[in-house]
Amino acid sequence: MNSILDVEEQILIKPGTAPKAPAKEPGKLSGSQAVLEAFIAEGVDTIFGYPGGAIMPIYDALYDYSKKLQHILVRHEQGGIHAAQGFARASGRVGVVFATSGPGATNLVTGLADAMIDSTPLVCITGQVYAHLLGTDAFQEVDVINITTPITKWNYQVTDAAEIPSVMAKAFHIAKTGRPGPVLIDITKNAQLDKFVYEGYKRCDHIRSYRPKPVVRKEYIEEAAKLINEAKKPFILWGQGVILGKAEKEFKAFIEKSGIPAAWTILGASAIPTDHPLNVGMLGMHGNYGPNVLTNDCDVLIAIGMRFDDRVTGRLDKYAKQAKVIHLDIDPSEIDKNVKATVGIWGDCKETLPILTQLIQAKQHPEWLKRFNEHKQIEEETVIRKELNPEGEKLTMGEVINVINQLTGGNAIMVTDVGQHQMVTCRYAKFNQSKSNITSGGAGTMGFGLPAAIGAKFGAPERTVIAIIGDGGIQMTIQELGTIMQTEVNVKIVILNNEFLGMVRQWQQLFHDKRYSFVDIASPDYIMVAKGYGVEGQKISARPDLQNAIKTMLEHNGSYLLEVMVGKEDNVFPMVPQGCSVSEIRLS
Amino acid sequence: MQNQEFTFTIYSENQVGLLVRIAIIFSRRKINIESFNVSPSEIESISRFTIVIHETEEVVKKVARQIEKQVEVLKVYYNTNDEIVWQELAMYKVSTDQIAEKVQVERLLRQYGARAVVIRKDYTVFEASGHREETDKLIDFLSPYGLIEFVRSARVAIIKASSGFHEKLKEFEEAQPGEEAVENEYLNKQEEVFSM
Numbered sequence: 001m002n003s004i005l006d007v008e009e010q011i012l013i014k015p016g017t018a019p020k021a022p023a024k025e026p027g028k029l030s031g032s033q034a035v036l037e038a039f040i041a042e043g044v045d046t047i048f049g050y051p052g053g054a055i056m057p058i059y060d061a062l063y064d065y066s067k068k069l070q071h072i073l074v075r076h077e078q079g080g081i082h083a084a085q086g087f088a089r090a091s092g093r094v095g096v097v098f099a100t101s102g103p104g105a106t107n108l109v110t111g112l113a114d115a116m117i118d119s120t121p122l123v124c125i126t127g128q129v130y131a132h133l134l135g136t137d138a139f140q141e142v143d144v145i146n147i148t149t150p151i152t153k154w155n156y157q158v159t160d161a162a163e164i165p166s167v168m169a170k171a172f173h174i175a176k177t178g179r180p181g182p183v184l185i186d187i188t189k190n191a192q193l194d195k196f197v198y199e200g201y202k203r204c205d206h207i208r209s210y211r212p213k214p215v216v217r218k219e220y221i222e223e224a225a226k227l228i229n230e231a232k233k234p235f236i237l238w239g240q241g242v243i244l245g246k247a248e249k250e251f252k253a254f255i256e257k258s259g260i261p262a263a264w265t266i267l268g269a270s271a272i273p274t275d276h277p278l279n280v281g282m283l284g285m286h287g288n289y290g291p292n293v294l295t296n297d298c299d300v301l302i303a304i305g306m307r308f309d310d311r312v313t314g315r316l317d318k319y320a321k322q323a324k325v326i327h328l329d330i331d332p333s334e335i336d337k338n339v340k341a342t343v344g345i346w347g348d349c350k351e352t353l354p355i356l357t358q359l360i361q362a363k364q365h366p367e368w369l370k371r372f373n374e375h376k377q378i379e380e381e382t383v384i385r386k387e388l389n390p391e392g393e394k395l396t397m398g399e400v401i402n403v404i405n406q407l408t409g410g411n412a413i414m415v416t417d418v419g420q421h422q423m424v425t426c427r428y429a430k431f432n433q434s435k436s437n438i439t440s441g442g443a444g445t446m447g448f449g450l451p452a453a454i455g456a457k458f459g460a461p462e463r464t465v466i467a468i469i470g471d472g473g474i475q476m477t478i479q480e481l482g483t484i485m486q487t488e489v490n491v492k493i494v495i496l497n498n499e500f501l502g503m504v505r506q507w508q509q510l511f512h513d514k515r516y517s518f519v520d521i522a523s524p525d526y527i528m529v530a531k532g533y534g535v536e537g538q539k540i541s542a543r544p545d546l547q548n549a550i551k552t553m554l555e556h557n558g559s560y561l562l563e564v565m566v567g568k569e570d571n572v573f574p575m576v577p578q579g580c581s582v583s584e585i586r587l588s
Numbered sequence: 589m590q591n592q593e594f595t596f597t598i599y600s601e602n603q604v605g606l607l608v609r610i611a612i613i614f615s616r617r618k619i620n621i622e623s624f625n626v627s628p629s630e631i632e633s634i635s636r637f638t639i640v641i642h643e644t645e646e647v648v649k650k651v652a653r654q655i656e657k658q659v660e661v662l663k664v665y666y667n668t669n670d671e672i673v674w675q676e677l678a679m680y681k682v683s684t685d686q687i688a689e690k691v692q693v694e695r696l697l698r699q700y701g702a703r704a705v706v707i708r709k710d711y712t713v714f715e716a717s718g719h720r721e722e723t724d725k726l727i728d729f730l731s732p733y734g735l736i737e738f739v740r741s742a743r744v745a746i747i748k749a750s751s752g753f754h755e756k757l758k759e760f761e762e763a764q765p766g767e768e769a770v771e772n773e774y775l776n777k778q779e780e781v782f783s784m
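Chains L and P, in that order, are what the protein sequence lines are.
Numbering follows the numbering used here, in which position 339 of the first sequence is assigned residue number 339; successive positions increment by one, without gaps.
Remember, the numbering used here sits 588 above the position in the second sequence when you count from 1.
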């Protein structure tokens, strides 16, 4: 993969014509240099990538820019794009990726799909074969534009170097404005090499066909305020829109004035602190008991920057049918997509929330809030206590997270992979500040955790980054230990090993008569693997070792891998079984 | 809600790849496209799509929003058949001998609003425009007389309730001129280009 065979081959065909060094003529830049100049102008300082034949001119130019642009050499392009996602989610900035043509580009596909559904701003640059070779089945030629069209917010193929400055400017503008998303720019090799008269870089702030923010219509906000003011049992659901819109303060002001209990989707987690008195917990399939049950009891449901994913709503025809629904979103196509809104408020919640806050009466809903606390008590007694203070011999995932909470004080960035450990982490991790829960939500991409944690650390170097990963997911991108080794990035890795593909096993147990079909996954000696990569680690399975092991991990100077053996057949509860209503949530 | 015919009218930039971006919004949902037309509007840099599908209004509305969300799409409308005036163009190639012998050409032209485009010794090409049923009828009529080839265009439609589209487009283009689509200049230059 990513061989430079094409270079040698073509030199053989035309001997004696040595490739020219990219000399800098006055006023002229190569396409490759223009790409890097664009990065600098856009404030990029970190790139995740992997070189190869068709992107070699850009890497050649990068050699001269290595003081201004830090390039992180990953071990697989999928690792590169997940790292860029982690970077973007932890920093609130645009993640940048390099990959070569063909397999390099196709390896980005999972990450693009993930970033698309989770609205993560990325600019991915892929190399492409020479423009004259397009469509000839040239070496490492893949039609990456058409492969990535449904999973990019925008993509574009550059065949002429002179297009690069304006295309790069558009790419960054599109990636980060409105509802953010991934952008892919495919640049043919000739366009990377060719020189053109460079007239400087002009940032893009307007594209005539693109309306990143819908016009805010105050009459709808007034209508919403009226519903809220009349409500007896109002309930707020918030999603990642609050974090992406950098509207945490505006959101907090809104809930505090309205006194309305608020619950979060897993991508919205951490927008307000876990222990905020109006934060009533997590929504969805493995969310908290109260928020799920009371969704079907509230009279006004206020959804902010979330998209009513099926994992949040359960069965739609039995979802909040009694409630009037107010839906705020920056993306008009989300309003009425899954849940019909009584009042839809298009717009950036950073703008709409303050208007709404001003129009509502300051209130408190003690009786209504008490209902949430009652449900919390039930969940505490039937689920949470068993998970956090288990009586059994085996460790539970929840108690591991609980000890991490105690030792970090809720100040770490928690990055998870996908599965049971993800749900447990989202349920029990404590968050004091925003952008602290980085997880693959909409796509559910196993293998996301380790590379995303690496990226998160580069995006927020001052913070402790803890990756919680299952024994399935870790084996999907374990090669990124190589990236950790080489960059010496400080990431704490916790493998919660239940010797099963636990979430699938849980479903097989509950819905497929315990027919455990191909879920008994074997693990290597992770500690030995980590050692091979120069990463310290240890494996524990006994409760008395837990506290010290996590302490050792957190205090260790550099990356650390802690493998915790947990109960093999533990299940995540509560659970809304598929096809059931949120109020039919099971506690066991 | 009933399935019925809906016609999308989409104004967009004229850019390589946008057609695919729009088409896959339908195919992702396994919606069959009955008819698909795209050509420049009266403003060169702006394309106009006319797409016909069979669906419920609920689905059509959501699809329209997904299309409008695309960066290079300017505006999307959807209409039922009673909200638009539409035509399809059809061409019929028939043997001149047969047609001259057996058909009253004049009657044919008048009855079906057809027009002879080319008349040669060996064949004649007629053209007719109208709704699907109308152009279908002419096929039925000509088939016994040796229809050699038939082709039909996609639907084009005018929205009855539209007002000021032309002026708005002109103003829009004047205020913010569009960019020309960049094409690959090198496709035919394989021999000339040295590639390392």
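Calculated directly from the structure, the hints in this document are not laboratory data.
For every residue, glycine included, the Cβ atom is placed at its ideal position computed from N, Cα and C.
Among the hints, a few may not be true.
[To be verified] The following label-pair restraints were derived from C-beta to C-beta distances:
#, chain 1, residue 1, chain 2, residue 2, range
1, L, Ala-253, P, Glu-622, 47 to 53 Å
2, P, Lys-649, L, Pro-150, 17 to 23 Å
3, L, Val-109, P, Arg-720, 35 to 41 Å
4, P, Pro-628, L, Asp-45, 54 to 60 Å
5, L, Leu-554, P, Pro-765, 55 to 61 Å
6, L, Val-109, P, Arg-703, 37 to 43 Å
7, L, Leu-510, P, Leu-607, 44 to 50 Å
[Unchecked claim] List time: in silico DSBU-like cross-link candidates among lysine-lysine, alpha-carbon distance up to 35 Å:
#, chain 1, residue 1, chain 2, residue 2
8, P, Lys-777, L, Lys-337
9, L, Lys-170, P, Lys-657
10, P, Lys-657, L, Lys-218
11, P, Lys-650, L, Lys-340
12, L, Lys-340, P, Lys-649
13, L, Lys-218, P, Lys-756
14, L, Lys-202, P, Lys-758
15, L, Lys-376, L, Lys-340
16, P, Lys-663, L, Lys-321
17, P, Lys-618, L, Lys-232
18, P, Lys-663, L, Lys-202
19, P, Lys-748, L, Lys-213
20, L, Lys-213, P, Lys-725
21, L, Lys-252, P, Lys-758
22, L, Lys-213, P, Lys-618
23, P, Lys-777, L, Lys-195
24, L, Lys-176, P, Lys-650
25, L, Lys-246, P, Lys-657
26, L, Lys-176, P, Lys-758
27, P, Lys-663, L, Lys-170
28, L, Lys-324, P, Lys-663
29, L, Lys-213, P, Lys-657
30, L, Lys-170, P, Lys-777
31, L, Lys-202, P, Lys-748
32, P, Lys-777, L, Lys-340
33, P, Lys-725, L, Lys-170
34, P, Lys-618, L, Lys-337
35, L, Lys-337, P, Lys-709
field: 35 Å limit on alpha-carbon distance, applied to hinted pair Lys-725 (chain P) and Lys-170 (chain L)
entry: violated (51 Å)
- prompt: Taking only the CA atoms, is the gap from Lys-252 (chain L) to Lys-758 (chain P) under or equal to 35 Å?
  reply: Not OK: Lys-252 (chain L) and Lys-758 (chain P) at ~46 Å, beyond 35 Å, violated.
message: I want to verify a distance hint. Is the separation of the beta carbons of Leu-554 (chain L) and Pro-765 (chain P) within 55 to 61 Å?
response: Since the Cβ atoms of Leu-554 (chain L) and Pro-765 (chain P) sit about 58 Å apart, the hinted range of 55 to 61 Å holds.
task: Verify the proposed pairing of Lys-777 (chain P) with Lys-337 (chain L), using a straight-line Cα cut of 35 Å.
output: violated (48 Å)
task: Would you check the hint for Lys-657 (chain P) and Lys-218 (chain L), treating anything up to 35 Å between C-alpha atoms as holding?
output: Holds. Lys-657 (chain P) to Lys-218 (chain L) sits at ~22 Å (cutoff 35 Å).
query: Are the Cα positions of Lys-246 (chain L) and Lys-657 (chain P) separated by 35 Å at most?
result: holds (22 Å)
Distance restraint evaluation - Ala-253 (chain L), Glu-622 (chain P), Cβ atoms, bounds 47 to 53 Å: Taking Cβ atoms as reference, Ala-253 (chain L) and Glu-622 (chain P) lie about 51 Å apart, which means the hint holds.
Proposed proximity, Lys-213 (chain L) with Lys-748 (chain P) (alpha carbon, max 35 Å): This hinted pair holds, its Cα atoms lying about 30 Å apart.
task: Compare the distance between the alpha carbons of Lys-176 (chain L) and Lys-758 (chain P) with 35 Å, and conclude whether the hinted pair is satisfied.
output: Measuring from Cα to Cα gives roughly 30 Å; hence the hint holds.
message: Just to be careful, I want the Cα atoms of Lys-202 (chain L) and Lys-758 (chain P) compared with a cutoff of 35 Å; is the pair within it?
response: holds (27 Å)
task: Assess, step by step, whether the Cα of Lys-202 (chain L) is no farther than 35 Å from the Cα of Lys-748 (chain P), and give holds or violated.
output: At roughly 43 Å apart (the allowed maximum being 35 Å), Lys-748 (chain P) and Lys-202 (chain L) break the hint.
Agreement of Lys-340 (chain L) and Lys-649 (chain P) with the hint, judged by alpha carbon distance not exceeding 35 Å: Holds - the C-alpha atoms of Lys-649 (chain P) and Lys-340 (chain L) are around 13 Å apart, at most 35 Å.
Violated hints, in rising order: 4, 6, 8, 17, 20, 21, 31, 32, 33 and 35; the structure is consistent with all others.
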